[in-house]
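Participant: For the record, the sequence lines run as chains Y and C. Under this note's numbering, the residues of the first sequence are numbered 1 to 193, in order. Under this note's numbering, the residues of the second sequence are numbered 1001 to 1533, in order.
Treat each hint with caution, since some may be false.
Here chain C is said to cover these stretches of chain Y; the calculated rule only asks that three of the stretch's residues, wherever they fall, bring their Cβ under 8 Å from a Cβ of chain C [as the list claims (entries may be wrong)]:
1) 60–66
2) 84–92
3) 97–108
4) 111–119
5) 148–156
With a Cα cut of at most 25 Å, we get these calculated PhoX-like pairs of lysine-lysine [stated by the list, open to error]:
6) LYS1041(C) / LYS1526(C)
7) LYS1271(C) / LYS1127(C)
8) LYS1271(C) / LYS1304(C)
9) LYS170(Y) / LYS1525(C)
10) LYS1271(C) / LYS170(Y)
11) LYS1041(C) / LYS170(Y)
12) LYS1530(C) / LYS170(Y)
Non-contacting residues of chain C with respect to chain Y, defined by C-beta distances greater than 12 Å in every case (computed) [as the list claims (entries may be wrong)]:
13) LYS1127
14) SER1138
15) GLN1182
16) TYR1219
17) SER1223
18) PHE1244
19) PRO1340
20) ASN1345
21) THR1365
22) LEU1489
Everything labelled a hint here was simulated from the structure, so no lab data went into it. Note that CB positions come from ideal geometry on N, CA and C, so glycine has one too.
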Amino acid sequence: MQINIILAGVGGQGILSIAAVIDHAALRGGLTFRQAEVHGMSQRGGAVQSHLRISDTEIYSDLIAGGTADLILSVEPLEALRYLPWLAPHGRVVTATEPLVNMAAYPAMDEILAELDRTNRPVLINAAELARQIGNTRVSNMVMLGAASPFIGIASEEIESSIERLFQAKGADIVAMNIRAFRKGEEVSQTQA
Amino acid sequence: MKKELLLGAEAIALGALDGGISGVYAYPGTPSTEITEYIQKNSHQRKEPVRSAWSANEKTAYEAALGMSYAGKRSLVCMKHVGLNVAADAFINSAITGVNGGLVVAVADDPSMHSSQNEQDSRVYGKFAMLPVFEPASQQELYDATREAFDLSESIRLPVLLRLTTRLAHSRAGVEKREVRQQNRLNAIHAPERFVLMPHNARRQYNHLLGIQNKLEAYSEQSWLNRLIPGTGSTGVLAFGIAFNYVMEVRQAYGMEFPILKIGCYPMPRKAIEDLFSRCETVLVAEEGYPVYEELLRGYFGGKNIRGRLDGALPRAGELNADSVARALGIAPKELMPVPDIVANRPPALCKGCGHRDLYEALNTVMSTCSDRHVFSDIGCYTLGALPPFNSISTCVDMGASITMAKGAADAGLRPAVAVIGDSTFTHSGMTGLLDAVNNQAPITVIIADNDTTAMTGGQSSSATGSKLHAICRGIGVDEEHIRTIIPLKSQLEENIAILREEIAWDGVSVVLAYRECIEAAARKKRNRKGTP
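Bound-form chain Y, shown alone (with noise of 0.2 Å):
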């Protein structure tokens, strides 16, 4: 088994926080993994990406090679378009689908909704308003995370279990609210699948 994934987004949404869930639980699962990130200048507010590779097996290259992300998961709908040469032909897109507009040459949304159709099933969520729902739309991230987890590879409740080692220094409502988020996020994304 081995499963690329590029996390997409815009610097400051939180995507290194989906990356450290997903990478605890599969330290723990015993599994071999490798999360390539960006620091520095790029993070503010420019487009920012990760490469996470998770396999049974050895992994030598840090980042994935062209055409062969099984899955890209997009905090920001733009941001999904950017990382399209790596998608596998059977690789699936799940993103958020509130703009984050700080540039210019923004497209409209129904461009990036019709470019978004042209992958294989592409998985549409309306994170931010989920958040609202359960209460802070910071959680936004974890409802992204809950809506990718079936293409994971690893059980829900391995990555529930990881959510609340990482956040537990937080206090138990911050814990219980990420928890909802990813639930809620699992929960539409299956209706999608």
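Knowing the structure of chain Y, use the given hints to seat chain C on it.
Facilitator: Frame of chain Y; chain C shown alone:
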């Protein structure tokens, strides 16, 4: 044994802590910053204290690390590739004096210039200084090699350069820890014949360095960082550092069987390389950074069919990846989904509510009335003022250059000559330039954008901010009346414009301290006070 989840940079840090360092010295710089940050966060759990505050620049960091080594203890010094230019004087000369306690220089190069001005290759510096260089290929290798680098450094009494590139520094994997080594005891040896580089000593030491080169090569011949992956076929691959990962990825993905000689320890193991060359008709040289060794090998094996970055088999610039290596090995490129035309660039930008925005708004208003609208800038968040909607600055070359370039331009007759520099960059290498300007009574205006932190690299402490900056400028000799402070806020715009106008009109050295705390740093402090991470 339980594995720890570490970035490559953090694997070096843990290797150094477990290898018994007594101190780390560094100036922050992507992609090297996380080495020191990890040590700062984790050294307090150690039995013996580890000194770990930030230095003013890479040269002061290097020299402090050297001092700790002369005193018998193990020290780590960390920087990014361009930082080694700043520390180069100390670095090259430390190869002549040699060391006492183990000294490891961890330098993170940034091919593809994700966050840098160039993609220079630190292995060139290693060769230049004639020092051993380690270039591990994985997070585990980084951990193990760091520990070994300290042992080697102590046994041959030379600094060891540990080179890595962005992708390894900023990639996470599981790393297995080994036993913790105790720190060295204080043991300041008195050996002026080694450590005082007067010509007669330097000549002897230089001969010693030349004489020890075969020993270094012999070490490489048996190093675990260099190893052959046996294979068949007429093509072989010489893979340096992280390039090994991409080559192995291709070999695995396409079920290929070519032999690979992995190199992670320099000087190169000549025998192992000759062996590969004698067995193969063609050798692909895969190295990340400059074609340093490809060039050398073309010299050695002139007639041999060598492929690599020089003949275009691999791209000359940028990071390597499995796709570029696959193409170099003759695999036809896959058809990939294109990026849709509607996808525009999303460049980084100044944060919403950042004080630099208000500074540039005021400065743009003032400069718009000048016939020569030219602002010399420096390296930090404020460099983002080069992008729309501000387009405020005209240059950014190296740390500290804004002040000295403005001085040179003023010498040439440019009026006004304005420099923008950050608090941390000013102390890194702006202060000496300001002294030149004062001594020459250059008509320049230096704006120090003081946000109370080293913001671009994530908010490390800055060597001087606020009143300390004011005192430094006064001490350097700037006229007290022309050291002005402004607060870059919307509400102060008119006043700030007036002050900038006055100082730009003044025919001498003036400094405008634009003080407003970084909003990210302020938010972080607030969160920490609340106790929620």
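Participant: Does each hint hold? Answer for all of them.
Facilitator: Tested hints:
no., hint, in the structure
1, 60–66, "holds (count 6)"
2, 84–92, "holds (count 4)"
3, 97–108, "holds (count 6)"
4, 111–119, "holds (count 4)"
5, 148–156, "violated (count 0)"
6, LYS1041(C) / LYS1526(C), "19 Å, holds"
7, LYS1271(C) / LYS1127(C), "18 Å, holds"
8, LYS1271(C) / LYS1304(C), "16 Å, holds"
9, LYS170(Y) / LYS1525(C), "16 Å, holds"
10, LYS1271(C) / LYS170(Y), "57 Å, violated"
11, LYS1041(C) / LYS170(Y), "19 Å, holds"
12, LYS1530(C) / LYS170(Y), "11 Å, holds"
13, LYS1127, "26 Å, holds"
14, SER1138, "9 Å, violated"
15, GLN1182, "29 Å, holds"
16, TYR1219, "26 Å, holds"
17, SER1223, "20 Å, holds"
18, PHE1244, "8 Å, violated"
19, PRO1340, "4 Å, violated"
20, ASN1345, "7 Å, violated"
21, THR1365, "22 Å, holds"
22, LEU1489, "20 Å, holds"
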